[in-house]
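> We have chain P already, so just place chains A, V, H and G with the ligands on it with the hints.
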Amino acid sequence: MMHSGGYARGSRIGVLEILPWLVAIAAFFLLPEYLSLGARILIFILFTLSLDLILGYAGIITLGHSVFLGLGAYTAGILSVKAGIHDPFLQLIAGAAIGAGFGAITGAVVLRTKDLTQLMLTLAIAAIMMEVGNKANWLTGGADGLPGVQVNPLFGVFEFDFIGKTGYVYCLVVLFIVWFFVRRMVYSPFGAMLTGIRENTARMHALGAPVYKRLLVVYTISAGIAGIAGVLLTQTTQSVGLNVLSFEIAGDVLVMLILGGVGRIYGAFVGPTVYLIAHDELAKQFPEYWSFGVGFLLLIVVFFARGGILGLIDKISARVRKS
Amino acid sequence: MQAFLSSLVSVLFHGVAYGMILYVISVGLSVTMGLMGFVNLAHGVFAMAGGLLLSTAMGRYGVPFPLALLLAFVVVAVASVVLERLLYSKLYSAGELPQVLFTMGLIFMSIAVARYLYGTQAAPLFLPDYLKGQIPLFGRDFPTFRVVLIIFSGLIVAALWFGVERTRWGAMVRAAVDNRDMAQSVGINTNRLFMLTFALGSGLAGLGGALGSDILPVQSTYPLENLVYFMIVVAVGGLGSLSGPFIAALLIGIADTATKYWLPELGAFLIYAATIAVLLWRPQGLFGVRS
Amino acid sequence: MTDVLSVSKLRAGYGETVILEDVDFTLPEQGSLAVLGRNGVGKTTLLATIMGRTTYHGGEIKYRGEKIENLPIYERCRRGIGYVPQTREIFPSLSVEENLLVAEAQGGKWTLERIFELFPNLGNRRRNRGNQLSGGEQQMLSIGRALMGNPGILLMDEPFEGLAPIIIESILKAVEKLIREEALAVILVEQHAKMTLRVTQNALVMSRGRVIHSGPSAGLLADEELLARLVVAQ
Amino acid sequence: MSALATPALETQMLCKAFGALTVADDINFRLEQGARHALIGPNGAGKTTFVNMLTGALPSSSGRIFMNGEDITTMSQAARTQRGLGRTFQITSLFRSLPALDNVAMGIAEREGVALRMWKPASGYSAIRDEAMSHLEKMGLRDEALTVVRDLPYGKQRLIEIAIALGLKPKALLLDEPAAGVPSIESGRILDVLAELPKDIAILIIEHDMELVFRFAERITVLVQGAVLTEGAPDQIANDQRVRDVYLGEGGHD
Amino acid sequence: KIGVVNTFSGPQASFGEMIDRAFRLYIKLHADQLPPGVKIEIINRDDGGANPDKARQLAQELVVRDKVDILSGITFTPNAMAIAPIATQAKIPTVLVNAGTSVVVTRSPYYVRSSFTIYQHCVPLGTWAAKTLKKTFILVSDYAPGHDCQEAYTSSYTKAGGEIVGVIRAPVATADFAPFLQRVKDAKPDAMMVFLPAGRTATAMMKGFVDLGLKSSGIKLIGTGDIVPEEELPNIGDEAIGTITMFHYSAAGDRPANKAFVAAWRKEYGDKATPNFAAAASWDGMAMIFDAIKKQNGKLNPEKTVEIMKNFKTDQSPRGTISIDPETRDIVQNEYLRETRRVGGELVNVEIETASVAVKDPWQIMQKDKK
Ligand SMILES: Nc1ncnc2c1ncn2[C@@H]1O[C@H](COP(=O)(O)OP(=O)(O)OP(=O)(O)O)[C@@H](O)[C@H]1O
Ligand SMILES: Nc1ncnc2c1ncn2[C@@H]1O[C@H](COP(=O)(O)OP(=O)(O)OP(=O)(O)O)[C@@H](O)[C@H]1O
Ligand SMILES: [Mg+2]
Ligand SMILES: [Mg+2]
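Residue numbers (this note's numbering), protein chains in the order written: chain P, 1 to 323; chain A, 1 to 291; chain V, 1 to 234; chain H, 1 to 254; chain G, 1 to 371.
Just chain P, same shape as in the assembly (with noise of 0.2 Å):
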């Protein structure tokens, strides 16, 4: 696993990482008619990076990370259409906050554990919630989900339109901002010691490092911008379903972040794109079968791109530098 970050490199934005920006711009001009599902891909690309936060950086491994895209989504949905608060920044803050606040409460319980144990008890709060959500019909709506939220225009000024311009601008705005965050947290100090728990926890706790705190705060960080995730969500496509707390977003996160590299932030980028673009493009060739290719592509990167879609990249580029 190439790292980014530590005291020996440097951390200079280099030209490629301009680059998504970029092609996202680009996108915005050139591919009009895809923006919703732009959009879509935007926020996967947030919700990817928070899980790199705490898987790649910091070693916690979790299938239930959907838990605060769903709080965001629905703290979002309840603001608007349960308490008639529209603002989107409003519904923002407070998606961030109460994710993160149940980032910290369920991160003081799991964290306490590892490997496996993390991995169920994450899976088993996402479906406690899960359930929680389908029974508190009053709030949630149960399993019908909550139709008609709305927002307010940003500013006052840009409408979320159906056609998805406002709603593409905000959500890369709003992912620039916090990956401009998480890269300088990656590469600070506080980047090197979440590697370093990683890496080698006894020698952490042996360095003086008190653990356990110093990953409930990542924990929480981490949780706090899914459920910004989640609040772009509800935000372009003006609903919540239960299935944004579901054990398949969780696991479908898992899959983006490790086909596009886990511990390098950019696997973040690359893995929700080229997943969510697979994924609709066979869905639209073959709406009974589109499971196999993605499965296919999957095994591919799994035998052919160790470490992800960008770890191939590396090893291709190595070999020409060699050569």
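Don't take each hint at face value.
Unchecked claim - Within a straight-line C-alpha distance of at most 25 Å, the following computed DSS-like cross-link-like pairs (lysine-lysine) qualify:
1) G:K272 <-> G:K28
2) G:K39 <-> G:K1
3) V:K109 <-> V:K177
4) G:K220 <-> A:K132
5) H:K120 <-> P:K213
6) A:K90 <-> P:K315
7) G:K159 <-> G:K131
8) P:K82 <-> G:K370
9) P:K165 <-> G:K67
10) G:K259 <-> G:K272
11) G:K91 <-> P:K165
12) G:K67 <-> P:K284
13) G:K295 <-> G:K272
14) G:K272 <-> P:K284
15) G:K259 <-> P:K165
16) G:K28 <-> G:K1
17) P:K213 <-> H:K138
18) P:K284 <-> G:K1
19) G:K295 <-> G:K67
20) G:K188 <-> G:K131
21) P:K284 <-> G:K39
22) G:K91 <-> P:K284
23) G:K360 <-> A:K132
24) G:K188 <-> A:K132
Simulated from the structure, these hints should not be mistaken for lab results.
Same frame as chain P, but now just chains A, V, H and G with the ligands:
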């Protein structure tokens, strides 16, 4: 009181039947995940294959039930060896993440294949007449098939414990997982060991999938839908143990049945809450071999 | 009499990197060979290569006259090569007993009881898991485990590191006895050059993956100056 | 140094048992300020366990531990480290996929309390980098600073282990077989480095290499089956028949 | 261009298959009736089940990128809810061919429903059941349609003098019904009224009903047609015999229009294939779309299309005479009382009587009454 006792008997009965099935399917996962350290999320694929085989063999070719069961075991075991040699074995030392990605891919593909071959409906289970009907016991009726199912699974469990747990096989697998090179350096043919272990685990899943298609209907999305339950059994039971998952599966089966009978409103709450409680109490599971 | 082990023109390393080059030596039945050299010269790599754990690039390894360089690791062990790795490599999740039993050769003359006789410490800890042993106990276990495979030759990579002096003494005696009575041959990699030379017949000094000296141990032991030049200075 | 001064580390009636096995049996031990102290004893005597209890990696069964007079018995490992307790591991414990430099810098960052900073890039903390580099240099690892630890030979990994401990600038340093796996000339370097450390650092060393022990230690404690057999000056220990019987043996050592 | 948001993957994929087959069959058989130069193109999109956000994204793309004139499909209520704003904003007439929760159709003025509402079945069922069966135990899935059915049945059943002796709301994903059924058995009711999603869930329940001896202990199994859909009958086997259901469609209905429909279906998809209610609703939905196309001569104007659909009426539906209620844009149709029997070696749902003629959605009526 009388009524309560008699419903208790039913709950226990159905709970045990469910638990037994969960166990036969999941024990293989406990082996691949616990002993071999392979995060095999695709375990349910083998169970599904077993169920589909049984249904096809009986429905389409009129194979008698016991033979069809055997077939489900053997065919799935053999097929799994092919997969193991070609794909799984390449990832033993690759770490969890590639394993997750690979087995998820396998799930996705198998869903599409099953869909293509068997359509969208659940594979029907046509029981022979001697397994239909009910057996009256303690003043209540018990479906014959489930009685047979409990007895048969019980036999499998016994065979496993006597055949496997008492040999040094388990220790060899764990040694090979701890350190493949060193295990080979003390003379263990790790490739063959893993292959056979994997085949046994998958074959059992196939058998369980076939046997349990009455309780867990088999259809194309089976591997994904039931994954969580299999994983709970393994985690609560304790990785790498054979008896732990047995207890866990029975507990889950009975708890699930009891909530459905007495507190259907709770849904799956109880199971998950209990899972969390057990794991906080004993992070390595009830009978975990590894921490 | 054929040699237990003969190595010629051996080239090996890790992946594409070649570490060992043109290594030649032979070891007679019941022979003992010291491998000396500074840090990082390839001593571990040499033993690992004989065991089959590195990337083989060329040359020949014969065990009792048969070529083994293309055999899988476990097959080499079954033929009679026992390995005590430098980092011990105890199986952490197995108990002491299990660690020994998984290595047991069918019909071998080594049993749990004999190992526990040799290392009473281990007998007292037989239920402890591999990672619940003291460093020295792990070292003993590693040696005991290699013996359980009923080897004809024992490759020991710094086996005395971390052992109490009194234990080293007793192991050395035991090894001498094994060589005499059980027809065992031994290759010993050690930092403590003098002690090693005292108990071996022949010695081999390595530098940068090549053999730069080989000859009787006694000769090297007697020639302080040569020893210092070969092993200490570069 | 006066024996009356508060010791750097002190244990009172420290006990530890793993099930039925007692590995620390009422240990009363003092590590004086600035001491050069060695702990020896047969394999499995409980030396590593003792160090683990001192650092807090293992909880003790009973008894108390003091650091500079302060009761640290129930304190977390991290808190003890922050108070100036450093250690090395008998079995190398490094960040194997990180460069040697980061291995050392990580500890310095913890010591300096910057590990929670999230904004400025780590590579921008040049003071930390430079210090990490200087510790590596002391161990003769200048050229290996940017090499990923996994690719280094075992002997060099052992030296990084020590460099990390130095980076913590501990007031009391516990070294668990620092020289095991390090060739003799390199172990000479370890001694040199330890000799250069400020005199007020208290050092406890565990070693089976008697040459090293006798050259380094001013005081030696012998631990046998979890209990202190004897304690004294090196020549006293070397000539103690009980110590010879259970530990040293009769043969010479190089 | 018709954009179809539908469920082709996941556990509920059988819906997608039925709907798609019905659409294609209708188009194939009626292509010649279209005004010259008009060609219908169907663009299928898979929502994978109840995934409102995904469904919305798909609908949005169908509208924006593929520029469809009409939306259809939509198996699940939450998805219908999420798509409503798009239909409204983009002015896309949308024909709902499955989602059956009453409230859905009120969500957008461009929604027209050709399928059914749960209330349509469960109200007449209650009325009928009260005549002979005095005590009912209700077993429904724990989601909106299940709740709807429980309410609808209870209201008409108790009004007619029946007594509800117990209610179980089973989790939607229930696979094994044994514990629930055991409880029903222990309560000894005259009838068990069931609403479960059609497909394997319902099938699993049917098997358990017999296995656990509820059938032999004399409990009558009644419900909506979802528990005995045509395609599942062979899987359920003889266990299904004697089940009484209230539904708007049976493939065994002996109306000529239905016979022709079933015959065409079998000719196209093989002897063993049988269309079910979703297929019938989709067939009629497509008929509605054709009607709108023909009446506008191939040039679709959204408002006009909805207007035409609102007044749609035919006696040529496989379901008999159906129409759309112009006020609610919801379907008006007959409800049939059916019993599952073996006829000529094949299991079918025989229509015993037409329980109610031209039923409007009772829920809509109740809502109006409330106001
Ligand atoms: N896994 C590996 N991958 C790449 N290079 C390696 C690997 N292991 C060792 N090396 C390199 O091979 C060379 C020889 O190492 P080896 O471990 O054989 O030395 P050694 O003589 O046993 O040293 P020591 O006395 O420290 O044990 C070293 O330069 C080392 O960097
Ligand atoms: N977690 C544990 N559970 C049970 N026993 C343990 C555990 N850890 C260590 N032991 C036992 O406690 C004893 C003391 O171990 P310790 O590691 O302290 O010895 P040591 O004096 O450091 O020996 P060495 O010189 O060989 O490193 C050993 O016999 C060991 O087997
Ligand atoms: Mg070495
Ligand atoms: Mg020790």
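> Does each hint fit the structure? Answer for all of them.
A quick look at each hint next to the structure:
Under the criterion of a C-alpha separation no larger than 25 Å, the hint pairing G:K272 with G:K28 is consistent with the structure, at around 20 Å. In summary, the hint linking G:K39 to G:K1 is supported, as the alpha carbons are separated by about 8 Å, within the 25 Å threshold. Among the hinted pairs, V:K109 with V:K177 is consistent with the structure: their alpha-carbon atoms are about 15 Å apart, no more than 25 Å. For the proposed pair G:K220 and A:K132, the alpha carbon gap of about 20 Å is at most 25 Å, so the pair holds.
This hinted pair checks out: H:K120 and P:K213 have alpha carbons roughly 21 Å apart, not beyond 25 Å. Under the criterion of a C-alpha separation no larger than 25 Å, the hint pairing A:K90 with P:K315 is consistent with the structure, at around 19 Å. For the suggested pair G:K159 and G:K131, the alpha carbons sit about 11 Å apart, so the restraint of at most 25 Å is met. Between P:K82 and G:K370 the alpha-carbon distance is near 23 Å, which keeps this suggested pair within the 25 Å criterion.
Taking the CA atoms of P:K165 and G:K67, the gap is near 17 Å; set against the 25 Å cutoff, the hint holds. For the suggested pair G:K259 and G:K272, the alpha carbons sit about 15 Å apart, so the restraint of at most 25 Å is met. Pair hint G:K91 plus P:K165 holds up; C-alpha atoms about 18 Å apart against a cutoff of 25 Å. For the proposed pair G:K67 and P:K284, the alpha carbon gap of about 15 Å is at most 25 Å, so the pair holds.
Simply put, G:K295 and G:K272 have alpha-carbon atoms about 36 Å apart, too far for the 25 Å limit, and the pair is violated. Taking the CA atoms of G:K272 and P:K284, the gap is near 29 Å; set against the 25 Å cutoff, the hint is violated. A C-alpha spacing of about 50 Å is found between G:K259 and P:K165, which places the hinted pair above 25 Å, so the restraint is violated. With a CA separation close to 15 Å, the supplied pair G:K28 and G:K1 stays within the 25 Å bound.
The hinted pair formed by P:K213 and H:K138 fails the criterion: a straight-line CA distance of about 33 Å is larger than 25 Å. About 15 Å separates the Cα atoms of P:K284 and G:K1, which keeps this hinted pair within 25 Å; it holds. Distance check on the hinted pair: G:K295 and G:K67 sit about 21 Å apart at the alpha-carbon level, within 25 Å; holds. Restraint check for G:K188 and G:K131: satisfied, since their Cα atoms lie roughly 18 Å apart, inside the 25 Å limit.
Distance check on the hinted pair: P:K284 and G:K39 sit about 20 Å apart at the alpha-carbon level, within 25 Å; holds. The straight-line distance between the Cα atoms of G:K91 and P:K284 is roughly 24 Å, inside the 25 Å bound, and the hint therefore holds. Note on G:K360 and A:K132: the hinted pairing is violated, with a Cα-Cα distance of about 43 Å set against a maximum of 25 Å. For the given pair, G:K188 sits about 22 Å from A:K132 by alpha-carbon distance, which is consistent with the 25 Å threshold.
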